[in-house]
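Q: Chain residues, written in single-letter form:
2 protein chains.
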Amino acid sequence: MPTLREQAAAIKASAPLVAVAPSAVREAVLRDVATALRANAATILQANELDLAAYVDQGAGRDRLTLTSARIEGMAQALEEIADQPDPLGEIVDADVRPNGLSVAKMRTPLGVIGVVYENRPNVTSDVAGLCIRSGNAAFLRGSSSAQRSNEAIVALWGEALERHGLPAAAVTLVADTSHEAVVTFMQLTDTLDCLIPRGGPSLIAAMREHARVPYVLDGDGNCHVYVDAAADVAMAEAIVVNAKTSRPGVCNAAETLLVHASVAPAFLPRLAAAMPQVALRGDEATCALVTGATAASEADYAQEFLDLILAVKVVESIDEAMAHVARYGTGHSEAIITADPEAAERWVQRVDAAAVVVNASTRFIDGGELGLGGEVGISTQKLHARGPMGLKALTSLKWVVRGEGQIR
Amino acid sequence: MPTLREQAAAIKASAPLVAVAPSAVREAVLRDVATALRANAATILQANELDLAAYVDQGAGRDRLTLTSARIEGMAQALEEIADQPDPLGEIVDADVRPNGLSVAKMRTPLGVIGVVYENRPNVTSDVAGLCIRSGNAAFLRGSSSAQRSNEAIVALWGEALERHGLPAAAVTLVADTSHEAVVTFMQLTDTLDCLIPRGGPSLIAAMREHARVPYVLDGDGNCHVYVDAAADVAMAEAIVVNAKTSRPGVCNAAETLLVHASVAPAFLPRLAAAMPQVALRGDEATCALVTGATAASEADYAQEFLDLILAVKVVESIDEAMAHVARYGTGHSEAIITADPEAAERWVQRVDAAAVVVNASTRFIDGGELGLGGEVGISTQKLHARGPMGLKALTSLKWVVRGEGQIR
Chain V
1 MPTLREQAAA
11 IKASAPLVAV
21 APSAVREAVL
31 RDVATALRAN
41 AATILQANEL
51 DLAAYVDQGA
61 GRDRLTLTSA
71 RIEGMAQALE
81 EIADQPDPLG
91 EIVDADVRPN
101 GLSVAKMRTP
111 LGVIGVVYEN
121 RPNVTSDVAG
131 LCIRSGNAAF
141 LRGSSSAQRS
151 NEAIVALWGE
161 ALERHGLPAA
171 AVTLVADTSH
181 EAVVTFMQLT
191 DTLDCLIPRG
201 GPSLIAAMRE
211 HARVPYVLDG
221 DGNCHVYVDA
231 AADVAMAEAI
241 VVNAKTSRPG
251 VCNAAETLLV
261 HASVAPAFLP
271 RLAAAMPQVA
281 LRGDEATCAL
291 VTGATAASEA
301 DYAQEFLDLI
311 LAVKVVESID
321 EAMAHVARYG
331 TGHSEAIITA
341 DPEAAERWVQ
351 RVDAAAVVVN
361 ASTRFIDGGE
371 LGLGGEVGIS
381 TQKLHARGPM
391 GLKALTSLKW
401 VVRGEGQIR
Chain F
410 MPTLREQAAA
420 IKASAPLVAV
430 APSAVREAVL
440 RDVATALRAN
450 AATILQANEL
460 DLAAYVDQGA
470 GRDRLTLTSA
480 RIEGMAQALE
490 EIADQPDPLG
500 EIVDADVRPN
510 GLSVAKMRTP
520 LGVIGVVYEN
530 RPNVTSDVAG
540 LCIRSGNAAF
550 LRGSSSAQRS
560 NEAIVALWGE
570 ALERHGLPAA
580 AVTLVADTSH
590 EAVVTFMQLT
600 DTLDCLIPRG
610 GPSLIAAMRE
620 HARVPYVLDG
630 DGNCHVYVDA
640 AADVAMAEAI
650 VVNAKTSRPG
660 VCNAAETLLV
670 HASVAPAFLP
680 RLAAAMPQVA
690 LRGDEATCAL
700 VTGATAASEA
710 DYAQEFLDLI
720 LAVKVVESID
730 EAMAHVARYG
740 TGHSEAIITA
750 DPEAAERWVQ
760 RVDAAAVVVN
770 ASTRFIDGGE
780 LGLGGEVGIS
790 TQKLHARGPM
800 GLKALTSLKW
810 VVRGEGQIR
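Listed in order, the protein sequences are those of chains V and F.
FYI, in our numbering the residues of the first sequence are 1 to 409.
FYI, in our numbering the residues of the second sequence are 410 to 818.
Check the hints yourself; a few may be wrong.
To be verified - Simulated coverage check for chain F against chain V, where a stretch passes if three residues somewhere in it have a Cβ under 8 angstroms from a Cβ of chain V:
1. 423 to 437
2. 599 to 611
3. 617 to 628
4. 643 to 649
5. 772 to 785
6. 799 to 813
Simulated from the structure, these hints should not be mistaken for laboratory data.
We treat Cβ as the ideally placed atom computed from N, Cα and C, and that holds for glycine.
This is chain V alone, in the form it adopts within the complex:
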């Protein structure tokens, strides 16, 4: 087994070669891997069966770990969608000529080596590699030890495709040592990692804050709110809240708390409760008075990401009270307002501090694919570098290009 340091040296050496590979080459690698995934589905499924046989948990983790022919086809299609995206590299922004004649501009470049720490979904391995290679970066992947055989089978196809196109196989590297000590060392590879992205729960985020010594972008929790304004169309509000809460409750862009203006609460809340009887409502006094079966919400309920068929509810007197609640309990992910009042919508857009502010649509759209990015390497809940779904552009940087004719200062 190669050591982490050996792998780090190899991927670092590969990154400049990926960075200067023409767009057509980087695109062709992705299409090649898509073809290889389909051709080698049986091999991947065999590796996945070994991972599953060794996996004890029978809960949601097992489902995430499980690959099927359909899921492998989904991975191949995801790579084709990323390949279809325009090349992010080489874009020139903020071009200017200074009074002394210097031409100055910024040029979009790859970051270099992107490290990603993630849990046991093997499709992430392929998606992240695709986004990194398409954007001229090398992908250093630290998956879950429980998915290691599946991940190895997928990464092997990447290595072959890279080499067929004259690039080093090391440009997509899976960390071989999946021990806990090695993940701490991984987060401290200051000479190798230009950016580290953790995709996981609160314990991974806490470990990142504690141990990381390289620049990172946090993919944090989504305690997402939907605010139904006084001027909301209640039928639209019902459809959006039902969708945001129930279409996939276990994901970070699902709604966790509903805020309802007092003037529409009597008409809206009983109707909503009837429309999604499978959802447990935990509300304040006003909610419990309006909805039979709602139970009293605690402070902790408003702060929590349930990831389940549970919705916290609060009746508010104004949009400002709703925004204050979001500022207090939100995690800076996705925050929606339902309103027919353009002034209220604009106030929400301007003042709510989150990765995504949404007007009259479901929070479930805050996803790289839905927003047109062709995929995402994570959803940033911090403000530095990138917010929200991180696609190709979020894996780039801008370097200054200054051209003169001998100017001195």
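Put chain F on the given structure of chain V with help from the hints.
A: Just chain F, lined up with the frame of chain V:
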């Protein structure tokens, strides 16, 4: 003395108010402080005299700490230049309409609370506050304890100006507790700081990597190179190298290593040595053979930021050898090529991985003011978030704005 936690709570509460203040108000605060600096120069100079009286070191640190009427006028003018910059907030980028009719775009917003840790130049206090307030952010400033009285006098003027324009004085806060323990706590204010920028030497950078628990942007060393290509105009090359090395040797964008193509070295190096006799040249064998008085360079000389009238020199056989040297020893700051060959220039621009690549001009231009930013809060040598001089735009983020008519997923 307020505690760091008390100050953190106050500045955090102030940030949303600065974020929504109209551009004209933020601009007016800067102009108001410029006026106040001029009107209160005597008070600031008195405070500075107390700092200087307590300061033991007689070297460069004393010069950096010293304020004069001219330096205070410079601070006022810097604020006026920042005020003249266009408002960075509200800009809409990457607008798109999705097939389902959703309108998606990104909107430029402030980061929130910017923390800056810096050394004993009191002008930084005013410059950084100006950049932060102009871009809708609050500035949490941790200056050097040796400059605390000067900084307090400057920050008091900021508080008064902010309040005159209806904004909280806490939006520009100077850390009152200048103990070493407090600076570690400062770097860990995860609930308060949206971005932390260290401006200092290697020990500060090391402390940041070790202790920071908030997103940060490193303002690292500048081991800057000038490469004189085979196709260089030697007169231009001489003027640029002399300027890059000698105009201000103690700053991070000064040249530290000269790389010269073997075909021009015999004509160029003796002429350069004669043009700047005050500079000690430390070269490889080829250099020492060409230049009387040059001494042998060690490996450490190529890795070092001299910040002095010393220049490491190496003769190379090709542009690729020059680029390999830069990749090995450079710190990702500013790297210049002098050449009349457009292909060589383009190869340098595309392949050198640094915050700034420079063609036929001095590295000394890599500076916020010179590049048209109106100032800089630091010069990033990392790739995440911002590279090179960080002006107003580097103090912003982009949030997603999604508008629909009831779309669900």
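Q: So, for every hint listed, does it hold in this structure?
A: Going down the list of hints, with the structure as the test:
no.: 1; hint: 423 to 437; in the structure: holds (count 3)
no.: 2; hint: 599 to 611; in the structure: holds (count 3)
no.: 3; hint: 617 to 628; in the structure: holds (count 7)
no.: 4; hint: 643 to 649; in the structure: holds (count 3)
no.: 5; hint: 772 to 785; in the structure: holds (count 6)
no.: 6; hint: 799 to 813; in the structure: holds (count 9)
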